[in-house]
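Produce the complete structure using the sequences and hints provided.
Oh and the sequence shown: position 92 is 92 in our numbering, straight run, nothing missing.
Please keep in mind that the hints were generated in silico from the structure rather than gathered at the bench. Glycine residues also receive a C-beta, built at the ideal position from the N, C-alpha and C atoms. Heads up, some of the hints might be wrong.
Stated by the list, open to error - The calculated lysine-lysine pairs, modelled on DSSO-like cross-linking and capped at a C-alpha distance of 27 Å, are:
1) Lys-235 to Lys-72
2) Lys-241 to Lys-260
3) Lys-16 to Lys-97
4) Lys-134 to Lys-20
5) Lys-97 to Lys-142
6) Lys-16 to Lys-48
7) Lys-107 to Lys-245
8) Lys-97 to Lys-259
9) Lys-263 to Lys-196
10) Lys-107 to Lys-97
11) Lys-107 to Lys-186
12) Lys-107 to Lys-253
13) Lys-165 to Lys-186
14) Lys-73 to Lys-107
15) Lys-97 to Lys-160
16) Lys-241 to Lys-275
17) Lys-196 to Lys-235
18) Lys-282 to Lys-227
19) Lys-186 to Lys-245
20) Lys-97 to Lys-165
21) Lys-160 to Lys-73
22) Lys-235 to Lys-275
23) Lys-73 to Lys-20
24) Lys-235 to Lys-107
25) Lys-142 to Lys-196
26) Lys-260 to Lys-245
27) Lys-141 to Lys-97
28) Lys-259 to Lys-196
Unchecked claim - Pair ranges (Cβ atoms, derived):
29) Lys-75 to Pro-261: 34 to 40 Å
30) Tyr-28 to Glu-262: 35 to 41 Å
31) Gln-161 to Lys-275: 31 to 37 Å
32) Gln-252 to Ile-44: 40 to 46 Å
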Amino acid sequence: MFSIIIPTLNNLEYLKLCIKSIRQNSKYNHQIIPHVNIGNDGTIEFLKSENIDFTFSDYNSGICKGMNTASKKSKFEYILYSHDDFYFCPEWDIVLKNEIDQIGHNKFYLSGIMMNNGPIKCNFGNDLNSFDEKMLLNEYKKFNHYDFQGSTWAPHLIHKQIWEKIGGFSEEFSPGTGSDPDLNMKLWKIGVRIFKGLNNCKVYHFGSIVTRNYKDDPNIKTESGSKGGKIFLLKWGIKIKFFKKFFLRSDQKYDGPLKKPEKNLSFLTQLILCKLNYIYLKLIKFKK
1 MFSIIIPTLN NLEYLKLCIK SIRQNSKYNH QIIPHVNIGN DGTIEFLKSE
51 NIDFTFSDYN SGICKGMNTA SKKSKFEYIL YSHDDFYFCP EWDIVLKNEI
101 DQIGHNKFYL SGIMMNNGPI KCNFGNDLNS FDEKMLLNEY KKFNHYDFQG
151 STWAPHLIHK QIWEKIGGFS EEFSPGTGSD PDLNMKLWKI GVRIFKGLNN
201 CKVYHFGSIV TRNYKDDPNI KTESGSKGGK IFLLKWGIKI KFFKKFFLRS
251 DQKYDGPLKK PEKNLSFLTQ LILCKLNYIY LKLIKFKK
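Okay, here's the thing in structure tokens:
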């Protein structure tokens with residue numbers, strides 16, 4: 001049904017739980033394709049022992065390159081992007097499949113919703129030691145948000161033809177910061193107007209486990225959010241916040257396919273500020 005791509009960086013125990021949840025809590029038979037960065041913690045040996053397809057880089061290639069590399073192994077017509085510290089709750093794939101059937105075409109960007117570290121606030125454990133899987137499975141349906149415009153970025157689902165048409169993730173954003181809104185902008189440019197987050201497609205998110213573990217390691221390439229935002233501004237001429245607010249209408253209740261933003265006073269004022277910031281970065285400040 002779906003080709004699930006999971007970039008991972010020496011995070012074996014969380015990856016095991018993620019894969020277990022997919023196998024245990026899915027209705028359909030999905031292809032799982034981790035992209036292993038470094039993988040000197042036993043990740044490669046584990047994936048081989050489980051006969052799981054994977055791609056590999058002996059350095060931290062980041063989310064963008066990892067996703068693009070792994071997507072070349074995809075067998076199914078839908079590509080789903082997952083973090084390695086997700087736990088997929090039951091019925092997650094049924095919800096996505098029903099939504100796809102209802103839409104009836106492939107020009108869409110669907111995402112699930114994150115619990116714990118995300119829009120749905122709850123606590124069934126912040127790490128593997130404190131994780132209460134049984135309680136989560138008994139109670140996850142009690143915690144709800146609403147179907148919303150825009151995205152929580154991951155997990156997200158795109159038709160493979162659309163993914164290939166826009167060239168996947170833009171690797172100038174590597175290792176990843178700013179790449180999700182850039183992907184959404186590329187989708188917008190080819191006419192995609194369905195950007196929908198689904199309340200009933202739930203994943204429990206432990207929350208940036210790898211980032212926390214490696215943020216002080218001088219051998220691991222990291223990137224601040226501000227740099228990704230500047231790359232986005234220089235590429236598209238507007239800020240990420242502007243795009244999310246006026247184009248994607250992020251976090252508003254879903255009320256159908258998006259339309260071009262209304263050019264009211266607020267839009268025009270903030271657009272001018274974007275352009276001034278763009279000129280400043282272009283001519284004076286920003287260096288890649």
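inquiry  = Could you work out which of the previously given hints the structure breaks and list their numbers from low to high?
reply    = Failing hints: none at all.
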